[in-house]
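Undergrad: Residue strings, one per chain:
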Amino acid sequence: MYNKYCCYLFIACIGLLSACSDDDPLEDIVDNGVVHYFVGIEAATDPTTDVLTPAGSLTENLISPVDNGFAQPAWMTFFQGYDQIFTTGYTSAPEFISYELVDGELTKGESFFTDLGIYALYVVDESKMVLIGSAREGQSDKKIYLINTNTMTIEKTVETGFGNDPDNNLMAFPTDVAVRDDKLFASYMLMSDDGSFATTNSNEAKIAVFSYPELEFEKIISDDRAANVGRYYTLNALEEDENGNIYTFSPSSLTSGYNPVPANNSAILRIKSGATEFDPSFYIDFETLSEGYKINDMYYVADGKAVVRVHLEDETMAEYYWAAYAPTSETPILETGILDLNNKTFTLLENVPKGGGGWNSAVMVEGKKLYLGVSNSTYASIYVIDVENGTATEGATIDGNYAKGILSLVEPIIN
Amino acid sequence: MKTGFFSILIFIVSSVSMAQIAGHVKDENGEGIPGISVVVEPLKTGVSTDINGKYMIVGLANGNYILSYSGVGYETQKTTINYEGRPLTVNINLKENVKELEGITITGKSESTIVREQAYAVEVIESKGFKNLTTNANDILGRVSGVNIRQSGGIGSKFSLSLNGISGNQVRVFLDGVPMDYFGSSLSLNNFSANLIDRIEVYKGVVPIHLSSDALGGAINVTTNGKSTSYLDASYSMGSFGTHLASLNTQYRNKKNGFTTRIKSFYNRSNNNYKVPVNLVNFETGKEEEEPVWVERFHDAYESKMVWAEAGFTGTKFADQLMVGVLYSDNYNELQQAANAIGQAKIPYGEVATEEEKIIANLAFNKRKLFTEKLSFNSYLVTVFSKSLSRDTASVRYDWYGNSTPKTDNATGEIENRKTLFELETENYLANANAEYQLNKYHSITLNYSLNHLTVQGADPYKNQNNTQFGEPNNVTKQVLAASYTNTLFDEKFKTTLFTKYYDYGLSSLETDYSGSEPSPFDVHKSNLGFGFSTTYKYDKWQLKASYEKATRFPEAIELFGDGLNTVASPSLTPEKSNNYNLGFLFGNKSAHSPFIVSVNGFVRDAENFIIPVVQGIKVYHINNSKVLSKGIDLSMGYTHREHWVLSVNGTYLDLRDNSKWRNGQVGVESSQYKVRLPNQPYLFGNASLSYRNEELFSNNDQYSISLSQNYVYEFFYKWENLASKNKDVVPTQYTTNMEFVYMFKEGRYNASFSVINLWNAKVYDNFQQLRPGRNFNFKLRYFLTKI
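Sequences listed follow chains A and B, in order.
Residue numbers for the first sequence follow our numbering, so the first one is 1 and each next one is one higher.
Residue numbers for the second sequence follow our numbering, so the first one is 1 and each next one is one higher.
Among the clues, some could well be false.
[Claimed, not checked] Now the in silico label distances, taken between C-beta atoms and shown as ranges:
#	chain 1	residue 1	chain 2	residue 2	range
1	B	Gln-666	A	Gly-292	25 to 33 Å
2	B	Val-667	A	Asn-201	30 to 38 Å
3	B	Ile-445	A	Asp-314	52 to 60 Å
4	A	Asn-201	B	Pro-732	21 to 29 Å
5	B	Glu-289	A	Asp-314	49 to 57 Å
6	B	Ile-612	A	Glu-291	49 to 57 Å
FYI, nobody ran anything at the bench for these hints, they're computed from the structure.
All values reported here derive from a predicted model rather than from experimental measurement.
Where is the CB? At the ideal position from N, CA and C, for every residue including glycine.
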């Protein structure tokens with residue numbers, strides 16, 4: 001979902017004036033505007049206090065929500081729109097709130113509510129966003145919502161029961177959604193419909209394909225070389241590159257919430273540009289490639305290179321179950337590396353500290369760099385990963401439990 | 001130290017060698033009255049009567065004296081004696097003071113309370129003044145300084161009580177000395193009828209050993225009527241929002257053999273259908289209406305009932321009290337909306353409810369002078385059998401007008417899209433024995449042992465995880481062994497108690513996962529030592545009090561092994577600990593016509609290892625990570641002017657700060673909340689009430705009173721006050737005014753009251769954006785007869 005935005009930012013960043021960031025760390029100037037950075041921070045516990053915090057720099061100093069930024073009404077998810085930042089969480093119902101720049105100032109805008117919890121979302125363009133709402137139990141229909149982000153209004157709701165397997169008491173639970181051209185792709189995991197999250201039949205990659213913007217169900221595509229795609233609340237299981245290819249990853253691990261663990265190795269598949277089937281010529285057996293690591297997250301950056309967050313687990317040890325959902329873990333498990341999707345090579349970035357993970361990731365792509373939130377019980381910061389040079393450098397420190405989203409808005413320069 | 005010891009010896013020797021004045025203080029029915037203070041004037045020395053109303057004064061020189069007999073609820077009586085060194089018997093009959101009973105008597109430590117507890121930071125509320133009102137234990141407690149009660153809605157709704165900044169489970173509540181949390185939701189402070197309550201003792205920070213349990217920040221003991229008389233007390237009240245409350249309490253006592261039977265019972269019901277403003281949402285567009293609509297809470301009804309029958313003997317040679325009883329209680333509580341919603345939920349619940357049913361058997365035995373004059377013994381055995389049911393089985397969606405539409409499948413409920421029908425059976429055994437040995441007038445020692453064993457087992461046809469977690473019994477055993485020593489010097493002016501408590505905690509349970517497969521057993525066994533002291537010195541009208549306790553609270557069963565819903569087991573929790581300090585003084589001018597009493601108590605609670613809930617997505621688990629430093633001051637004041645006007649004022653200022661330097665309790669990242677005020681906690685609050693009482697309004701044997709009370713809570717931040725600069729949520733400053741009118745005739749036999757709560761219809765929020773009821777009216781009739 002970040003890919004469209006990445007391309008946009010990529011273009012915007014071509015004219016980046018490097019001298020400017022040294023003299024004036026408050027903002028970067030691109031040729032069509034001034035970039036303002038923000039970080040969604042879980043700033044405190046009991047009660048959980050999330051703050052959408054303006055950040056002077058992502059690469060140095062402390063980003064602090066103390067007396068700084070918009071207090072969030074609940075425990076929120078932060079994600080990037082085109083000229084908007086969205087936050088969502090359960091307030092008095094699942095609520096989506098828009099923030100944008102008005103005269104260079106971050107301003108709270110309109111909001112809307114949905115009647116189901118949202119587990120997959122994708123910003124299509126400047127005015128459209130799609131969401132998938134689902135129950136976490138039972139065989140009930142899911143809902144795909146088409147949102148007008150200018151008015152923050154639901155334009156269309158489609159009820160659809162795709163992917164369920166009632167004979168085996170399994171429900172299809174959405175893990176991510178992406179729109180490419182006139183197709184909508186919804187990846188899902190099959191889990192027990194009794195609310196136990198058990199994954200007894202998850203050994204195949206499965207994606208539902210819909211027409212867009214009609215949102216009519218077309219088919220389910222599957223591939224038995226890899227297990228279910230994505231994990232609970234991934235938001236980055238379907239990653240699009242510059243050429244319109246969609247890459248998917250299958251965690252196949254207790255750590256990412258699959259119990260029992262599917263037999264297939266943690267792997268990467270591809271849907272080629274223009275195609276609506278998995279590409280039979282592309283397959284990365286990541287566990288074999290990396291000598292035992294499994295993928296928890298994959299973020300496509302540029303030039304066929306992605307940053308992956310990976311871990312080694314012992315499938316027989318129950319404490320690994322959901323282990324990647326603990327951003328303030330005392331026993332963090334996630335390591336970081338660069339995966340070259342074209343050359344099928346993997347490099348571990350040894351200097352990035354182990355992180356406890358989380359739900360969706362705090363990531364932002366800028367050119368050939370990825371900003372990544374890394375946290376555990378004694379550490380919270382942003383790392384800058386340069387896929388071109390294969391390096392990782394420590395950036396700004398987070399004054400809070402962890403970064404939940406790394407975001408930016410461009411203030412246009414009006415001549 | 002040595003001099004002190006010798007002076008004690010001298011006191012012992014002298015007390016043995018001297019003659020005495022003894023006697024029996026009785027009421028108009030000839031029953032002995034305990035706790036009456038007998039003061040020798042002009043020496044100002046004195047004693048209190050024992051449980052049978054007997055007293056003894058030793059060590060007087062020959063001469064003329066006035067003996068003054070006084071106690072709450074009785075008219076003071078004086079008699080002149082000429083003491084010539086020979087044993088003298090002076091028996092007295094005291095008259096009840098009906099006017100005094102009407103008032104709310106807040107006594108820092110009055111004659112009516114148990115003498116040995118005097119040094120604790122304690123407030124005692126006599127509930128007699130409340131019995132004619134539509135009120136429950138929570139309403140009474142809300143008027144005590146340092147106490148703040150926050151309720152999410154109307155009668156029966158969830159509430160959280162905080163005492164000097166420490167809240168929830170950290171403050172223990174007892175019913176006649178038995179920990180009340182084991183009675184469950186059908187018997188709690190917010191449904192316990194005022195008519196059953198004799199008095200409420202609030203121990204701030206330091207808890208005497210006879211209230212035997214683990215508590216972090218104090219204890220509240222609600223005592224029910226234990227009078228050795230026959231009486232009948234029946235009441236019925238009705239109020240706004242379909243509220244009906246009834247209670248019937250009666251006791252018969254055979255004066256000859258002491259055979260006693262009593263019944264205590266109540267019935268509460270309320271629809272709680274007050275109106276709340278909701279910005280309704282059109283889910284077709286997702287947009288919220290700009291103007292709120294006032295809608296009725298349509299699924300928030302509450303019903304509870306209790307019958308408690310006891311039989312046995314009171315005031316006999318073999319026992320002051322030997323009673324066996326059976327209690328039945330149940331309740332039914334509808335849930336209108338998600339507890340964690342910010343404000344009114346957009347999608348209300350229409351069928352979610354909880355039920356609970358309990359059968360409790362109790363045996364109590366109390367005896368002063370057991371085997372010897374010097375030994376007092378109190379004990380109880382309680383068994384609790386309880387069944388509770390959480391129900392969310394309707395595959396429908398409601399709107400705020402009470403209309404429902406079916407969902408597309410019938411596997412989901414209303415909460416969180418999962419069905420629940422969770423039945424939990426609880427068995428609980430509590431035992432306590434307390435022995436106090438009075439070595440002599442100056443020294444006493446007390447030993448206390450309590451055992452508390454809990455077993456829970458349950459099933460849920462919809463959730464396999466619950467079946468696994470509770471399929472086999474989960475057991476918790478808590479034992480407390482405590483000892484104290486009390487020293488009384490200088491004619492009872494100087495009193496000190498030292499105590500120590502040993503806690504032993506054991507838990508055996510299961511660990512399981514979402515799918516309910518592969519359960520693995522886990523056991524916890526921990527023990528801990530606590531100690532403290534309390535001391536007081538009285539000088540004329542002044543009394544100084546100081547106390548300290550190193551307090552401990554063990555994690556609750558729910559914190560350790562979850563609730564089978566969304567609370568996840570956290571078996572590695574360690575006990576919470578706090579160093580509690582109190583320093584206070586009391587000034588009492590007990591003038592007959594215009595008594596004045598003021599007490600000020602400063603306190604510090606230095607707590608660590610706080611158990612806090614952490615919400616992550618759908619799961620809640622508990623961690624021990626915060627340190628909290630709480631400092632504050634409580635003030636309470638009461639003044640009666642010429643028996644007609646009564647003014648009482650109390651207020652609390654709390655300075656609660658997060659005292660954890662590092663995030664997540666581990667050295668690494670410095671916390672930006674270090675030394676910041678804790679959010680979502682009122683820190684400046686108080687109330688004042690003024691009442692006027694008089695008699696002969698309509699006839700020459702009636703009395704009436706009219707009171708006005710004002711509550712105040714200063715605004716506070718809902719979340720951390722130092723975080724963010726925009727859109728910060730604040731719970732606004734709140735003022736509420738209540739008005740009450742009470743009319744009694746035939747010497748208190750017939751009573752009627754009328755009250756208006758929230759007179760100005762103020763918008764009151766105890767929890768952020770969750771509105772409490774507006775103006776409401778209550779009317780109550782009560783019949784009270786002391787002799788049948």
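Undergrad: Between Val-667(B) and Asn-201(A), does the C-beta distance stay in 30 to 38 Å?
TA: 45 Å Cβ-Cβ, so the 30 to 38 Å window is violated.
Undergrad: Hint says 25 to 33 Å; check whether the CB-CB distance for Gln-666(B) and Gly-292(A) agrees.
TA: With Cβ atoms ~29 Å apart, the hint holds.
Undergrad: Does the Cβ-Cβ separation between Asn-201(A) and Pro-732(B) fall within 21 to 29 Å?
TA: For Asn-201(A) and Pro-732(B) the Cβ distance comes to about 53 Å; the hint is violated.
Undergrad: That 49 to 57 Å hint for Ile-612(B) and Glu-291(A) (C-beta), does it hold up?
TA: violated (41 Å)
Undergrad: CB of Glu-289(B) to CB of Asp-314(A), is that within 49 to 57 Å?
TA: holds (54 Å)
Undergrad: Per the hint of 52 to 60 Å, is the separation of the Cβ atoms of Ile-445(B) and Asp-314(A) within bounds?
TA: At 57 Å between Cβs, range holds.
Hints 2, 4 and 6, counting from the list given before, are not met by this structure.
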